[in-house]
Structure formats: structure tokens, C-alpha cells
Amino acid sequence: MATQAVPKLEPIKPGVVPTKDWTKPQAIAIPKEGYFESKQGRYGPVFPRTPACHGFTIIAKAKPGREEAIRAYGKTLEQAIREMPDALSVLKLHYLRWVLFDVGKDKYFMYQGIFDTDFDKYTEDAVALFTRYGLNTVFENLEGFPEDWRTNVPAFANFLHEHQCPSFLEYGEYPFVTAEEIKKALALKEAFSKMLDLMQ
Amino acid sequence: MLDFEDIQHFLVARPPALAARYEFLTFANPSCGRKWLSGIIDKVGTAKAVASTSQLDSRWITVAFTWNGLKALGVDEGSLATFPQEFRQGMAARVEVLGSTGANHPIHWLGGLASPDLHAIAILFARDVPERERCRQQHKDYLSECEGVEILSSLDLEAIPPFDCVREHFGYRDRLSQPVIEGMGVEPTRGSGPPIKAGEFFLGYHDEEGAPPPLPQPAVLTRNGSYLAYLRLEEHVGAFREFLRKHGETEEEQELIAAKLMGRWRSGAPLVLAPNHDDPSLGADPQRTNDFNYREMDPHGFACPLGAHIRRMNPRDTAINMQRRKMIRRGGTYGPPLPETASDDGVERGIAAFVGCASLVRQFEFAMNVWVNDPNFHELGNERDPIMGTQDGSFDMTIPKRPIRRKITHLPAFTTVRGGAYFFLPGIKGLRYLMTLGNGCSSIAHEEVLT
Chain L
0 MATQAVPKLE
10 PIKPGVVPTK
20 DWTKPQAIAI
30 PKEGYFESKQ
40 GRYGPVFPRT
50 PACHGFTIIA
60 KAKPGREEAI
70 RAYGKTLEQA
80 IREMPDALSV
90 LKLHYLRWVL
100 FDVGKDKYFM
110 YQGIFDTDFD
120 KYTEDAVALF
130 TRYGLNTVFE
140 NLEGFPEDWR
150 TNVPAFANFL
160 HEHQCPSFLE
170 YGEYPFVTAE
180 EIKKALALKE
190 AFSKMLDLMQ
Chain H
0 MLDFEDIQHF
10 LVARPPALAA
20 RYEFLTFANP
30 SCGRKWLSGI
40 IDKVGTAKAV
50 ASTSQLDSRW
60 ITVAFTWNGL
70 KALGVDEGSL
80 ATFPQEFRQG
90 MAARVEVLGS
100 TGANHPIHWL
110 GGLASPDLHA
120 IAILFARDVP
130 ERERCRQQHK
140 DYLSECEGVE
150 ILSSLDLEAI
160 PPFDCVREHF
170 GYRDRLSQPV
180 IEGMGVEPTR
190 GSGPPIKAGE
200 FFLGYHDEEG
210 APPPLPQPAV
220 LTRNGSYLAY
230 LRLEEHVGAF
240 REFLRKHGET
250 EEEQELIAAK
260 LMGRWRSGAP
270 LVLAPNHDDP
280 SLGADPQRTN
290 DFNYREMDPH
300 GFACPLGAHI
310 RRMNPRDTAI
320 NMQRRKMIRR
330 GGTYGPPLPE
340 TASDDGVERG
350 IAAFVGCASL
360 VRQFEFAMNV
370 WVNDPNFHEL
380 GNERDPIMGT
390 QDGSFDMTIP
400 KRPIRRKITH
410 LPAFTTVRGG
420 AYFFLPGIKG
430 LRYLMTLGNG
440 CSSIAHEEVL
450 T
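Residue numbers (numbering that gives the first Met the number 0), protein chains in the order written: chain L, 0 to 199; chain H, 0 to 450.
So that you can see chain L by itself, here it is in the shape it has in the complex (with noise of 0.2 angstroms):
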């Protein structure tokens, strides 16, 4: 039987800044360490943006016997952004998921948010959410969370980059759009629509 052949690609060269041609889909692979270059950022390495944006996913440990607390928590944000729409706006969020799940006996919890900022840019305005949200309580009930975290960033910081897992493959179907390139878009066309109503 015949196989396809599978076209030979160049291999992408570290560094070289990808096309941000919304229309053509691309996927980027992403070396073990999560970054191509080593940059420094104010609390720890920087990762790049990918044809996904920017992102982070955090897997650690949960204490014995917090999975309900953890759980209520899914309610406690979602209570909070009904009442107050745009209460994550500052860290441009695309999407978050929150999952739970078992490995041997333990509990884990992931934390993946898909965002169009640096996350270490943002580090302090991210802590102070967290804290006006009550979101510190799920950090709160994870294995090695700094206790001082309120007042001790760098240790939050460090929580962080002590438990993400770097993806090592990311596809954007419409790659490098921003979440308010995408409301601005579809303003425009709720805009145009009225507009052709109104011509009629």
C-alpha cells in the first residue's frame, strides 16, 4: 500500500520570528525548557508568545482532602465575573481551565490559562486579583504554596515557575490574535450590520 508522502519541511530556525498571518493556521514546537532563547524577565524566565498566545499551565499537587475545596472554588469565580464582568480583564485572558484529576492515589490540580500577556509582566496585578477574588484559597490548598505569599511575590512567582509544565507543541488555528483583536472584530461587525439594517 502506498503511503503519502509527508512533505519535507525546513526545520524552523530559533529565533526567526514567525508570520502573524491570522489566515494561514501554524503550529510551533517548543523545546524542553518552554522558551527558544534564555530571557530574563523581573521574576524568572520569559515565555514566548506562540501562535496560541501566551499561556500557562500549572499542575501540582493538592493537599489530602481538598478536592471540595478546590471544587468550590469553580463557584466562587463564577459568582465573582457575574457580578463583576471584567474583574480579570488586566490579565487578558483568553480562556482558563481548571481540572482535577488523579494520579495514584493523589490529587492534582491543573491550571491552565491562555492569555495575550507576558505573565511576568503582570506578576503583582495577577497577585492582587487573586487576592480580591479569594482565588489565593485554591493556590492555598496546593502542596508547597508559599504561606507568605500576600506580601512575598517573588515566592508566588517562584510557586509558578517551580510547577509549569511548558507545552511542547502549540497550534493556533488563527495564530497571534488577540482576544481584543477578536472583540474588535466582532464589534465591527455587529457595526457593519446595523449599519446595512439601517440602509435598508
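If you are wondering where the hints come from, they were derived from the structure by calculation, not from laboratory data. Possibly wrong hints are sitting among the right ones.
Quick list of in silico lysine to aspartate or glutamate cross-link-like pairs, EDC-like style, CA-CA up to 20 angstroms [to be verified]:
#	chain 1	residue 1	chain 2	residue 2
1	L	K183	H	E295
2	H	K406	H	E241
3	H	K400	H	D277
4	L	K182	L	D85
5	L	K19	L	D115
6	L	K62	L	E189
7	L	K19	H	D127
8	H	K400	H	E254
9	L	K19	H	D395
10	H	K406	H	E252
11	L	K60	L	D147
12	H	K139	H	D163
13	L	K38	H	E149
14	L	K19	L	E172
15	H	K42	H	E132
16	L	K91	H	E132
17	H	K245	H	D395
18	L	K19	L	E180
19	L	K62	L	D105
20	L	K91	H	D373
21	L	K38	H	E95
22	H	K400	H	E251
23	L	K182	L	D105
24	L	K91	L	D115
25	L	K106	L	E139
26	L	K38	L	D147
27	L	K38	L	E161
28	H	K139	H	E254
29	L	K38	H	D391
30	H	K406	L	E180
31	L	K19	H	D373
32	L	K182	H	E378
33	H	K70	H	E132
34	L	K62	L	E161
35	H	K406	H	D373
36	L	K62	L	E139
37	L	K91	H	E251
38	L	K183	H	E241
Put chain H on the given structure of chain L with help from the hints.
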């Protein structure tokens, strides 16, 4: 209540001065550094002493140390390790964070500022140049008695005439907004936001987050202290004027371009309040010149471009946690002014300034990393601060305009970082602690640590 008898005056009071001198020092051994300090400590002005007079007294100098300097004076390793990482590393090691690359990189810095031998700075503000020269000589004479203490380099500063207001070399009116510290009895001018908790600038006080964060050790050294980020920023006046001429046909157009880069006319009048024409009386009126916001008054940047210098350095109501990002700026201009009609003379001139804060990483480094040098600030995509960002000809400047925006590509560098350093500015008790290190006199200090 702030301990004005202990806090150095530098970040609190600003007596009128037309000249200044910075001397960057190195200590060959701990004892010579301590000896130098003990002879000079009485000339270090406290906030209380300086605030109680309107006259500038040349006795008052300011003394601050790098982390290497604290080490060189004999602060023990355990204590040294309690200082924040960015201060321990020093500015030269943090340039990736600050974005000081290319021509701004420490390999090009002047005056030995990137060297681990930089231990201390002595800052003198004088009422005029002759007085500055008298003090320079006096310090020189004193240093000849302190064998082992050497001047690595120095920088003389002079205000730019005419002295009707503070200006920098590009001609912009400077010093238009300064944070007001809570508890000092000063009412912020309109639009400047509420007073800021003292802990944002001085260690050991409540800050905008709440209770005072833990002090680096020993507490007697660090209480009432602040961090200073020093930057020597060369201003390429010739290139700046050429740029204005290239992008504006008439003088009026050139002034508008200059205003769009800054966010204020050179008179200081903010574009948000004076979008089309300069209004010098507005620029000169402290009650009006900051009385504006962006979110409601100029959300799209039609008056003040989103990437303009003042919109980056103080995004006002378009950023959160602004009370935690404020800094106190001190400093002045150096080098001779370039006459308006002259072409560039190749002489270095610029601003040599200090940013005072309680956290270099949260305040100063954030401002440099995010506000000044993040190309994606406000989703701009490919822009940096047009005045003080790291520019290499590959970034743009967007000027929103109806119906179609104006985009200036390949923005040249108008400034270059020629040096920088992180210092710790101790209170008077902290200086006394350093002075008495190593001779058994610091037992009182250590007792305080334990309480």
C-alpha cells in the same frame, strides 16, 4: 508617622538647586569606607532638618550604597542575603529586564557604573555652580584623608537656562507630576490621584497593600531606607530636532509632533486638555496641568497617542494598581544645552536621575519592562516609549488621527542609557550602623533586630 529625623531628605524635600554633582566611590577595604562615612555623616541632611528651611544648605549631601558597597563595608553574608534579588544582582545584571540592549548595554556604560567596584554614591545639590565647586573641593580634600576611598567617576549637573522653570535638553518642561506621600500634610494637585502610603517609598511603613512587608536585615540598617535606581540618559538633541524637521513642515507641525511623542506640549500643557494648540498658561498651572484622565477623556488617543511618553509612564486610569507603581524622581540635566540653531556637536548631554521606591522589581523594573519597553503596550504591537525606550530603528509610533491614523516608522533613538546602578539609601541610624560595623559598637543595633 514618618520618622523625619531618621529618613534622609533626598526623597522628601527638594530645596532649590541649580547645580549638582554625583560622585561614584569605591572602597579598597571596609575600614576606609567606614572612616569616610563617619567623617561625612553629619553632613547628611535628614528630612526634618532640610524641610525646616527654604534655603539650600551645602552641608547636606546624600549617601547611598550598592549591594557590593554594603558588602564592602562589612555587612555580614546572612544579612546581605535578605535583600531582594534585583538589588543583590545590581542594575547591570538586570538589563534584559530593563530592555537596555544594543547601544544601551552595560558594556558601553561610562564611569565604571557596571563594575562590581562601584560601592557608593555621594550626591550633592548646590544652589549654583560656584557653590558646587566649593563643595567638590572640600570633598576632594576630605577624600585625601581617607586612604583607600577612590572616586570611580563623577558627573556634574547644571540646570538649563533660562531658569523660569525646569526643562530638559529637548526643551520639554519637566517635573510636572510628583507623587504625594500620605501623612505629609500635602494635598495632591487635581488629577494626581490620592496620596500614596509611605511604605511605597520608605521601608518599614504601611504600603498600599497593608502592613509593612518584612525588612531586609538588620532592621536598623534598612528601616526608613529606600532603593534608588540611577539612570544616566544621554539625549540626542540633534537627532531629535532633525526628526521634528523631517516630520513637520511648519514650526507648528513640528511642535505638534514633539507634543505627540511626549503627550504634552513643550510648555507642559497636556494634549488631553490642549489637543490642537499649545497653552503655556495651562502647562505652568500645577492645579490644571494634571487634571485629566484617559479612559473618558481620550480613550482612543486622538489627543495623546496611546504610546506617548506620559501615557506610558503614568497610564492613570487605564492601568490597575497604579498606587503600587508610583515612584519619586530626583535628578537633573548634565552637559551644555545645544543652541537652537546649532547642529549636533557630539557633546554628551542628558538627564541623570534617580527613581526612589520601596521595591525596584515592582516599581522601577516594572515601569522599564512594561511601560517603557514592551512593544505590545496597549496592544500597539511594535512600539516602545518614543522618548526613553530602547530604539534601534525597528519600532514605530502611531499617532491616532481622524479619519486615518498617522504611523511613523523606523523611529530613531533619541536617548541612550550611558550608565546606571541600584543603590540603597539608608536612614541616619542605618548609616550609623554601617559606620560602626566591625568595631564592636553595633550591639545596640543588633538588639533592635531582635525586638
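Going down the list of hints, with the structure as the test:
Restraint check: the Cα-Cα separation between K183 of chain L and E295 of chain H comes to about 19 angstroms, which is no more than 20 angstroms; the hinted pair holds. Note on K406 of chain H and E241 of chain H: the hinted pairing holds, with a Cα-Cα distance of about 18 angstroms set against a maximum of 20 angstroms. Only pairs whose Cα atoms come within 20 angstroms are accepted, and K400 of chain H paired with D277 of chain H is accepted, the gap being roughly 18 angstroms. Only pairs whose Cα atoms come within 20 angstroms are accepted, and K182 of chain L paired with D85 of chain L is accepted, the gap being roughly 14 angstroms.
For the hint pairing K19 of chain L with D115 of chain L, the CA-to-CA distance comes to about 14 angstroms; that is within 20 angstroms, so the pair holds. Straight-line distance between C-alpha atoms of K62 of chain L and E189 of chain L comes to about 47 angstroms, which puts the hinted pair past the 20 angstroms bound. Pair hint K19 of chain L plus D127 of chain H does not hold up; C-alpha atoms about 55 angstroms apart against a cutoff of 20 angstroms. Distance hint between K400 of chain H and E254 of chain H is fulfilled; the C-alpha atoms sit about 16 angstroms from each other, no more than 20 angstroms.
In summary, the hint linking K19 of chain L to D395 of chain H is supported, as the alpha carbons are separated by about 17 angstroms, within the 20 angstroms threshold. This hinted pair checks out: K406 of chain H and E252 of chain H have alpha carbons roughly 15 angstroms apart, not beyond 20 angstroms. Distance check on the hinted pair: K60 of chain L and D147 of chain L sit about 19 angstroms apart at the alpha-carbon level, within 20 angstroms; holds. Of the pairs offered as hints, the one joining K139 of chain H and D163 of chain H is violated, with about 32 angstroms between alpha carbons and a cut-off of 20 angstroms exceeded.
The straight-line distance between the Cα atoms of K38 of chain L and E149 of chain H is roughly 35 angstroms, outside the 20 angstroms bound, and the hint therefore fails. A distance of roughly 12 angstroms separates the Cα atoms of K19 of chain L and E172 of chain L; the hinted pair therefore holds under the 20 angstroms criterion. Restraint check for K42 of chain H and E132 of chain H: satisfied, since their Cα atoms lie roughly 17 angstroms apart, inside the 20 angstroms limit. Restraint check: the Cα-Cα separation between K91 of chain L and E132 of chain H comes to about 53 angstroms, which exceeds 20 angstroms; the hinted pair is violated.
The suggested pairing of K245 of chain H with D395 of chain H holds, with an alpha-carbon distance near 15 angstroms, which does not exceed 20 angstroms. Between K19 of chain L and E180 of chain L the alpha-carbon distance is near 13 angstroms, which keeps this suggested pair within the 20 angstroms criterion. Between the alpha carbons of K62 of chain L and D105 of chain L the distance comes to roughly 9 angstroms, so the proposed pair stays at or under 20 angstroms and holds. The straight-line distance between the Cα atoms of K91 of chain L and D373 of chain H is roughly 15 angstroms, inside the 20 angstroms bound, and the hint therefore holds.
This hinted pair checks out: K38 of chain L and E95 of chain H have alpha carbons roughly 7 angstroms apart, not beyond 20 angstroms. For the proposed pair K400 of chain H and E251 of chain H, the alpha carbon gap of about 17 angstroms is at most 20 angstroms, so the pair holds. For the hint pairing K182 of chain L with D105 of chain L, the CA-to-CA distance comes to about 40 angstroms; that exceeds 20 angstroms, so the pair is violated. Distance check on the hinted pair: K91 of chain L and D115 of chain L sit about 5 angstroms apart at the alpha-carbon level, within 20 angstroms; holds.
Distance check on the hinted pair: K106 of chain L and E139 of chain L sit about 14 angstroms apart at the alpha-carbon level, within 20 angstroms; holds. Restraint check: the Cα-Cα separation between K38 of chain L and D147 of chain L comes to about 27 angstroms, which exceeds 20 angstroms; the hinted pair is violated. With a CA separation close to 17 angstroms, the supplied pair K38 of chain L and E161 of chain L stays within the 20 angstroms bound. Restraint check for K139 of chain H and E254 of chain H: not satisfied, since their Cα atoms lie roughly 44 angstroms apart, outside the 20 angstroms limit.
Simply put, K38 of chain L and D391 of chain H have alpha-carbon atoms about 19 angstroms apart, close enough for the 20 angstroms limit, and the pair holds. Restraint check for K406 of chain H and E180 of chain L: satisfied, since their Cα atoms lie roughly 19 angstroms apart, inside the 20 angstroms limit. A C-alpha spacing of about 18 angstroms is found between K19 of chain L and D373 of chain H, which places the hinted pair at or below 20 angstroms, so the restraint holds. For the hint pairing K182 of chain L with E378 of chain H, the CA-to-CA distance comes to about 13 angstroms; that is within 20 angstroms, so the pair holds.
Annotation: proposed proximity of K70 of chain H to E132 of chain H is violated, straight-line Cα distance about 31 angstroms (limit 20 angstroms). For the suggested pair K62 of chain L and E161 of chain L, the alpha carbons sit about 17 angstroms apart, so the restraint of at most 20 angstroms is met. For the hint pairing K406 of chain H with D373 of chain H, the CA-to-CA distance comes to about 18 angstroms; that is within 20 angstroms, so the pair holds. Of the supplied pair hints, the one linking K62 of chain L and E139 of chain L holds, its CA atoms being roughly 9 angstroms apart against a limit of 20 angstroms.
The straight-line distance between the Cα atoms of K91 of chain L and E251 of chain H is roughly 39 angstroms, outside the 20 angstroms bound, and the hint therefore fails. The hinted pair formed by K183 of chain L and E241 of chain H fails the criterion: a straight-line CA distance of about 37 angstroms is larger than 20 angstroms.
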